[in-house]
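Since the structure of chain B is already known, use the hints to place chain C on it.
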Amino acid sequence: MRNGLSGVLNEFRQRSPETFEAAFETLFRLHQRAVYGWILRIVRNPAAAEDLTVETFWRIHRAHARFEPSRGFEGWARRIATHAALDWLRTRRAESELSMEACADLKAPAVADPAITAEILRKTALAFQRLPPKLRIAATLAVVEEQSQKDMAAALGISVAAVKQRVFRALRLLRKDLERQGITP
Amino acid sequence: MNEHDQDRMKNLLQQALPPVDGEPEPGRDLWPAVLRRLDAKPAPALSGWAWFDGALLAGLVGLAAFFPASIPVLLYYL
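Quick mapping for you: the protein sequence lines, in order, are chains B and C.
Residues are numbered in this note's numbering as their position in the first sequence, beginning at 1, plus a constant of 916.
Residues are numbered in this note's numbering as their position in the second sequence, beginning at 1, plus a constant of 148.
Some clues are possibly wrong.
Stated by the list, open to error - From the structure, some residues in chain B lie toward chain C, with a derived Cβ separation under 8 Å:
1) Tyr952
2) Pro962
3) Leu1087
Unchecked claim - Okay, the calculated bits of chain C under chain B, using three or more residues with CB under 8 Å as the criterion:
4) 177-184
5) 201-207
Stated by the list, open to error - Lysine-lysine pairs mimicking DSS-like chemistry, simulated, CA-CA at most 25 Å apart:
6) Lys1092(B) <-> Lys1050(B)
7) Lys1050(B) <-> Lys1039(B)
8) Lys1092(B) <-> Lys158(C)
9) Lys1039(B) <-> Lys1092(B)
10) Lys1092(B) <-> Lys1080(B)
11) Lys1080(B) <-> Lys158(C)
12) Lys158(C) <-> Lys1050(B)
13) Lys1050(B) <-> Lys1066(B)
14) Lys1039(B) <-> Lys1066(B)
15) Lys1066(B) <-> Lys158(C)
16) Lys1080(B) <-> Lys1066(B)
17) Lys158(C) <-> Lys1039(B)
By construction, these hints were calculated from the structure, which means they are not laboratory data.
Here the structure is a predicted model, which is why all the values come from computation and not from measurement.
For glycine and all other residues, C-beta sits at the position ideal for the given N, C-alpha and C.
The shape of chain B in the complex, shown without the other chains (with noise of 0.2 Å):
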């Protein structure tokens, strides 16, 4: 995400409404993108990213007053899209979300193992979307994209450590869920 406007919020606070809407959409056509992409890789839906993206400027403008420049506007829009994409997880039931036909625009799961058939992946899948929503986030950020744990801390608000404690959790409740189904991974 870049981060060369990190002080255009406070830079149009005091101007007028025109010009803070302008200075609003230039900040919001430089980061969408990026905003968009943390979430997507939270959610893993095209549709809801779009609106929780949607969701992030609106919750941005609204606690614009609040930000601080010092602390640069890409951890601060990450978080609370973070928080965003969370509160959606929150919402929906494990049965109903990551349908296969939401996840379509996503690249298709790629067996390297033989021994690990589409029908282990599938129920891994399932197990996956089980777990409660702040270990799927860390899960997701950590194993799936590989992002730094800094990033990840500074995002969920929370320290590496407990990042790192988050992972290991998702990963051990995900082993259980998949043992009690008969597959031991």
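Relative to chain B, chain C alone:
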């Protein structure tokens, strides 16, 4: 769960949920949706108006009760 188990779980998860490639773009221009969301005014604070309306109504009722002659005047201005 030891480190080996963790690695196996990570491998399985990476195969089940492939990562998002590159920097994906939204399928549509989202700015109009942001504008619509920004323009949607929050519901007015009903409690403040309700208090004002109640006080006004009580005043008018009191005026009509103690000074019945004022009723035609009030009706004239309604």
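Outcome of the hint check:
The closest approach between the C-beta of Tyr952(B) and any C-beta of chain C is roughly 5 Å, which is under the 8 Å cut-off, so the hint is satisfied. Contact between Pro962(B) and chain C, as hinted, is supported at the beta carbon level, the nearest pair being about 6 Å apart and thus within 8 Å. Contact between Leu1087(B) and chain C, as hinted, is supported at the beta carbon level, the nearest pair being about 4 Å apart and thus within 8 Å. Counting residues of the stretch 177-184 of chain C whose C-beta lies closer than 8 Å to any C-beta of chain B gives 4; at least three are required, and the coverage claim holds.
Residues of the stretch 201-207 of chain C with a Cβ under 8 Å from some Cβ of chain B number 0, which does not satisfy the need for three, so the listed coverage is violated. The suggested pairing of Lys1092(B) with Lys1050(B) holds, with an alpha-carbon distance near 18 Å, which does not exceed 25 Å. A distance of roughly 20 Å separates the Cα atoms of Lys1050(B) and Lys1039(B); the hinted pair therefore holds under the 25 Å criterion. Only pairs whose Cα atoms come within 25 Å are accepted, and Lys1092(B) paired with Lys158(C) is accepted, the gap being roughly 14 Å.
For the suggested pair Lys1039(B) and Lys1092(B), the alpha carbons sit about 12 Å apart, so the restraint of at most 25 Å is met. Using a Cα cut-off of 25 Å, the hinted pair Lys1092(B) and Lys1080(B) holds, with the two alpha carbons roughly 18 Å apart. For a cut-off of 25 Å, the pair hint linking Lys1080(B) to Lys158(C) stands: about 13 Å separates their Cα positions. For the given pair, Lys158(C) sits about 17 Å from Lys1050(B) by alpha-carbon distance, which is consistent with the 25 Å threshold.
At roughly 16 Å between alpha-carbon atoms, Lys1050(B) and Lys1066(B) fall within 25 Å of each other, so this suggested pair holds. About 30 Å separates the Cα atoms of Lys1039(B) and Lys1066(B), which puts this hinted pair outside 25 Å; it is violated. Of the pairs offered as hints, the one joining Lys1066(B) and Lys158(C) holds, with about 19 Å between alpha carbons and a cut-off of 25 Å not exceeded. With a C-alpha separation of about 10 Å, the suggested pairing of Lys1080(B) with Lys1066(B) holds against the 25 Å cut-off.
A threshold of 25 Å between alpha carbons decides the hint, and for Lys158(C) with Lys1039(B) the separation of about 15 Å falls inside it, so the pair holds.
Checked against the numbered hints given earlier, this structure breaks hints 5 and 14; the rest are met.
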